[in-house]
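Chains A and B are the protein sequences, given in the same order. Everything in the first sequence is counted per numbering that gives the first Met the number 0, starting at 0 for the first residue and increasing by one. Everything in the second sequence is counted per numbering that gives the first Met the number 0, starting at 0 for the first residue and increasing by one.
Hints were generated in silico from the structure; no laboratory data involved. Please note: incorrect hints may appear among the correct ones.
Unchecked claim - Just so you have them, the derived chain A footprint on chain B, three or more residues with Cβ under 8 Å:
| hint | segment |
| --- | --- |
| 1 | 15-25 |
| 2 | 32-40 |
Unchecked claim - Computed beta-carbon distance windows for the label pairs:
| hint | chain 1 | residue 1 | chain 2 | residue 2 | range |
| --- | --- | --- | --- | --- | --- |
| 3 | A | 386 | B | 58 | 45 to 51 Å |
| 4 | B | 53 | A | 419 | 31 to 37 Å |
| 5 | A | 292 | B | 16 | 44 to 50 Å |
| 6 | A | 67 | B | 10 | 48 to 54 Å |
| 7 | B | 45 | A | 413 | 28 to 34 Å |
| 8 | B | 53 | A | 151 | 53 to 59 Å |
Think of the CB as a built atom: it goes at the ideal place given N, C-alpha and C, for glycine as much as any other residue.
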Amino acid sequence: MAVLLIVSELGVPPPDSNLARSVRETDTAGHTTFADDSKVTATLMTDSTSTIAAGAIERLVEHLTTFTELEALYGDSSVGHDGGTTRLRPAWSPLRLLTMPTDLDHLVVRGRHSSGTLADRIGALMSIEDNRIGHVPDVLLQIAAPPHLDAAARSALDRAADTRSVRLAAIRGERFGVVPAHPDALSVIIPTAGTAGADGRPLIHNAIEACLASEVETLEVLLVVGDECRIDPTQISADPRVRVVRRPPGEWNFSAAVNLGLLDASHPLVLILNDDVELLERNWIARMASHLGDPSVGAVGALLLYPDLTCQHVGMVTDDAFPLHTHVGRTIDQLEALDADLAHDRIAVTAACLLARRTDLLAVGGFCEELPFGFNDVDLCLKLRRAGLRVVVEPGARLIHHESASRPPVTHAWEWDSFIGRWGDVVDPFYHPGYHRPDDPHDRRRNADHLPPIRQYRGLPRTAVIRSRVHRARLEATEPADTAS
Amino acid sequence: MSDDPIDSDDPIALRAEILALRDRLAAADGGKEVLEDLVAELEHHVAELGAELARNPIVRIGRALTRRLGRR
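Given only the sequences and the hints, what does the whole structure look like? Please build it.
Here you go:
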């Protein structure tokens, strides 16, 4: 028999829930019994104001039966009355829980639990491995309002932050940021051709100033230059922390240039940086470095803004396997309204500003030199993710990026073929399939991720880590019955 | 001595070669996963086709005829 226990913060099922419509049998304690032999026992933890979507319980039981490796599930929600706002969620992102805990309006966990408060939900999640938490891309609940972060939930949140080796600070209402942590030592790698900006001054000066202003105790800035460099690299900076690494003669190759710097770097943390960035605030490196205290994080990206202070990069998504920057052209206010200014997990971040551990980058072979112009950053992030590491973006770290000012943007079809040959049809766990627009061209300025979904999406559970196993499980779940006579 | 990095005395060239090999290894792992997905997908399609064929009346009649002929 499959049993789904439904509990709210009151310890009983939500009084207004439409359970009678969804289940075959429910006792007074909220034990919902299904007349099948799937042997599932789980608890749906939610608030007393929740209404469960028609058929959601049956689907949850089905998913729990099929995806036996998953210990917890959550879905999408409709918030407010008369349909309200649909909250389409990404696959499990530990950072998203830490930065916006009140988004966790429900959770399904295996076993019996007697209480379903927000604190209970946070506590339950923190005891489960990341790759055993699945997201069901499907509206499972309608809730009147997001849960409130009471003292118990705040305490559970701080414990959760401790397990991730980060400290939290409220940035607005019940939204949190990670407290900056200055790294002890850092190597910055900047490939440069010495291109001049609109004012005639080489762009690289701004990038170096941004690094030197960051108050990192032990810092080295490696300028990787080749024959194409338009200025004398030895004259770029007199600061002893800045030194030049010369590329051997040959065609420009961003990946090879970064790898050269990577091999020469002296410190355990490395920051890959474009030469066309400009400082906005001094704490940017500390904000990024705070995430590398968590050993599960492998790469950290930043919020990059165009000179008009609209968004150029706050992480990437892949749609139909094609990498896109998300929230391009949005103002800071708009990012805040969309919660896109909070640290979160992404499939990839741009190498225009990417912080990582040197050992992790060396372990995966650095940047792919067969991708000299494009897709090399996505490729690197996919390699890190495949090695079991997470890729996160810290929008609190902000720089101005004169995108492609130093080198015209080039995307070669052969690089795309090479990228697809390495990774196939990349499935982005953090990009909700409800946002997919099959008829859209791959427009980099498209504001992926915050357009209203074009269709109600009902999908199968996905995790942030396991890809092929879930894929295979899906295929097995839909395997046609043998009808041979 | 050849142009092959394995013959190089230059530690930078040797380290770069190790890095490139690690990259290829990581890509091969990724490629293996891609192939596994494709194989799973193909197996699923084969199973679907098999089930579709089994439901086809002509195939069912053929099987029945084969059984009857076998009994003779």
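| said: Taking 44 to 50 Å as the stated bounds, is the beta-carbon spacing between residue 292 (chain A) and residue 16 (chain B) within them? | reply: violated (33 Å)
| said: So is the segment 15-25 of chain B in contact with chain A by the C-beta rule, three or more residues under 8 Å, or is the coverage claim wrong? | reply: Contact hint for the segment 15-25 of chain B vs chain A: holds, 9 residues under 8 Å.
| request: Confirm or reject the claim that residue 67 (chain A) and residue 10 (chain B) have a C-beta distance inside 48 to 54 Å. | output: 50 Å Cβ-Cβ, so the 48 to 54 Å window holds.
| request: Take the C-beta atom of residue 53 (chain B) and the C-beta atom of residue 419 (chain A), compute their distance, and say whether it sits inside 31 to 37 Å. | output: holds (35 Å)
| Are there at least three residues in the segment 32-40 of chain B whose beta carbon sits under 8 Å from a beta carbon of chain A? | It holds: at least three residues are needed, and the segment 32-40 of chain B offers 7 whose Cβ sits within less than 8 Å of chain A.
| field | Range hint compliance [Cβ, residue 386 (chain A) to residue 58 (chain B), 45 to 51 Å] | value | holds (48 Å)
| query | If you check the beta carbons of residue 45 (chain B) and residue 413 (chain A), does the distance land in 28 to 34 Å? | reply | holds (32 Å)
| query | Is the distance from the Cβ of residue 53 (chain B) to the Cβ of residue 151 (chain A) consistent with 53 to 59 Å? | reply | Given about 57 Å between the Cβ atoms, the range holds.
In terms of the numbered hints stated before, the structure departs from hint 5 and from no other.
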